[in-house]
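Participant: These are the residues of each chain, in order.
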Amino acid sequence: MSNTKDDVYGDHISARFNDELTELKTQFLNMGGMVESQVEQAIEALTNNDSQLAEDVRLNDKTVDRMEMDLDEEAILVIARRQPAARDLRLVISVIKMVADLERVGDEAKKIAKMAIKLSEEGQAPRGYVEIRHIGKHVQSMLHDALDAFARLDTDQALRVMKEDKQVDEEYQAAARALLTFMMEDARNITRCMMVMWVLRALERIGDHACNIAEHVIFMAKGEDVRHASMEETERVVGR
Amino acid sequence: MNSMNTAAMPAETMSEKVAKPVIDEKPENAVITEGSTVGQPFADDPKFKLRNVEVSYGESPAIKNISLDIGRNEVIAFIGPSGCGKSTFLRCLNRMNDSIDICRVKGSLMLDDHDIYDPKRDVVELRARVGMVFQKPNPFPKSIYDNVAYGPRIHGLANRKSDLDDIVENSLRKAGLWDEVKDRLDATATGMSGGQQQRLCIARAIAVSPEVILMDEPCSALDPIATAKVEELIAEMSESYTIVIVTHSMQQAARVSDRTAYFHLGHLVEVNDTDKVFTAPDHQLTESYITGRFG
Numbered sequence: 080m081s082n083t084k085d086d087v088y089g090d091h092i093s094a095r096f097n098d099e100l101t102e103l104k105t106q107f108l109n110m111g112g113m114v115e116s117q118v119e120q121a122i123e124a125l126t127n128n129d130s131q132l133a134e135d136v137r138l139n140d141k142t143v144d145r146m147e148m149d150l151d152e153e154a155i156l157v158i159a160r161r162q163p164a165a166r167d168l169r170l171v172i173s174v175i176k177m178v179a180d181l182e183r184v185g186d187e188a189k190k191i192a193k194m195a196i197k198l199s200e201e202g203q204a205p206r207g208y209v210e211i212r213h214i215g216k217h218v219q220s221m222l223h224d225a226l227d228a229f230a231r232l233d234t235d236q237a238l239r240v241m242k243e244d245k246q247v248d249e250e251y252q253a254a255a256r257a258l259l260t261f262m263m264e265d266a267r268n269i270t271r272c273m274m275v276m277w278v279l280r281a282l283e284r285i286g287d288h289a290c291n292i293a294e295h296v297i298f299m300a301k302g303e304d305v306r307h308a309s310m311e312e313t314e315r316v317v318g319r
Numbered sequence: 003m004n005s006m007n008t009a010a011m012p013a014e015t016m017s018e019k020v021a022k023p024v025i026d027e028k029p030e031n032a033v034i035t036e037g038s039t040v041g042q043p044f045a046d047d048p049k050f051k052l053r054n055v056e057v058s059y060g061e062s063p064a065i066k067n068i069s070l071d072i073g074r075n076e077v078i079a080f081i082g083p084s085g086c087g088k089s090t091f092l093r094c095l096n097r098m099n100d101s102i103d104i105c106r107v108k109g110s111l112m113l114d115d116h117d118i119y120d121p122k123r124d125v126v127e128l129r130a131r132v133g134m135v136f137q138k139p140n141p142f143p144k145s146i147y148d149n150v151a152y153g154p155r156i157h158g159l160a161n162r163k164s165d166l167d168d169i170v171e172n173s174l175r176k177a178g179l180w181d182e183v184k185d186r187l188d189a190t191a192t193g194m195s196g197g198q199q200q201r202l203c204i205a206r207a208i209a210v211s212p213e214v215i216l217m218d219e220p221c222s223a224l225d226p227i228a229t230a231k232v233e234e235l236i237a238e239m240s241e242s243y244t245i246v247i248v249t250h251s252m253q254q255a256a257r258v259s260d261r262t263a264y265f266h267l268g269h270l271v272e273v274n275d276t277d278k279v280f281t282a283p284d285h286q287l288t289e290s291y292i293t294g295r296f297g
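Protein chains in written order, with my numbering: chain A, 80 to 319; chain B, 3 to 297.
The following block holds chain A by itself, in its conformation from the complex:
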């Protein structure tokens, strides 16, 4: 990411300050890209019964963890050196918070990968893969859009991501009900179906984290905290 003329975080008298903020944003988006890839590969490993790919996802989670620590350290140094104010302060604080969300998404991807390995050992579950693919696609797109909203400070897009979360929750509930019914019909399905339930739960959590990231983008851009606000209130903040 370059420090273009339209970059609202550029233009400091101190070029080094510009560079530090640019570096922070770049590192964050790199971590975002890494985490997106982890989620994609974890779902692929599960649906394609690819335990080697799943193992790669598990091991790569260490990289995600290291990125989290590096980013937090970088943010702390910006605060110590620059005592940022206003939008710069909101950027740094939001990055610290969003990094935690990204790291959790990484953990959820690792959980999905673990389930993929288990299922390849136990034998695939008889049901749930359609739901996994569908919800998986949905939350991947939410995560991507949330990160994109950060990159472009697009609060309208952030708001759209937040509105998607309700739909994901409903899809998850429906999928869970269907799996429950299936388990009640035949107890032999329970173990493997429970693993699919954990995967669906992990995907639903990824959707929640994407929504959190979107809320932080709105805070960065508008200076108002919408984390526990109603949708109407959030729309008012974004529309202002």
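Be aware that one or more of the hints could be misleading.
If you only want the chain B side, here are some residues facing chain A, beta carbon under 10 Å, derived [to be verified]: (1) 25; (2) 252; (3) 279; (4) 281.
To be clear, the hints were calculated from the coordinates, so they are not data collected in a lab. No residue lacks a Cβ here, since even glycine has one placed at the ideal position from N, Cα and C.
Fit chain B to the supplied structure of chain A, relying on the hints for placement.
Facilitator: Positioned in the frame of chain A, the structure of chain B alone reads:
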């Protein structure tokens, strides 16, 4: 020196003077509306009611149509780039600009509903009520005791020596200096450290029982420890006095003040709660200044 002895502006024009937020503009496009200010420039029952203040040095305008209330017992910080007019505006509040021949002040400046620039007003009494502390500590070349006692003597605030002793001790205590100097009150003030001299100047201002203390970059000549002590003092004093502080340090304004006023080329661009100014200001120019995009 002239003044227009106008009454305070009627309430219905107040809304004209409060402009809408101007954020997300590039600094070169961000508009200042002359005579109106973004945020909360007015207060209920203010200590100072300042309306349409204009100050010029000869032909050069330094302050352009500023209206502002300063609340009772609040600490308000004036910030802005060099030459923006914040010190000029500060000096209007106790008529220190009178000492500058070519300086002209217009508008309505009221302290407790009395015109500061009323020709019949006693300026010396005004400056006792509205004390001032300057950037460079300027103790008199006298003893520590006499520095603090000078004002009360001039104003006849103590009849007996014991009363004067009490005033000196109380003032030095309030300025956080008593324990350091109580055993050497006869020592010459100019022998003290910079931080101690500045606190002595604060004690000197306090000794005449002011209602307002104006501070023009009071810490810029001090080391970090002395600065911290003076800032701590400001926090304690704000319970008893109204304090107006001009500062170049953004972090200091953020630490010590309740409201912050941002000046730009003689205009008052924004006044808001300090927390708001430093996390989400309402005007692009304020944000550009405090984030170090120009100054």
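Participant: Hint by hint, note whether the structure agrees.
Facilitator: Hints versus structure:
no. : hint : result
1   : 25   : holds (8 Å)
2   : 252  : holds (6 Å)
3   : 279  : holds (8 Å)
4   : 281  : holds (6 Å)
When the structure is compared with the earlier hints, no violation turns up for any of them.
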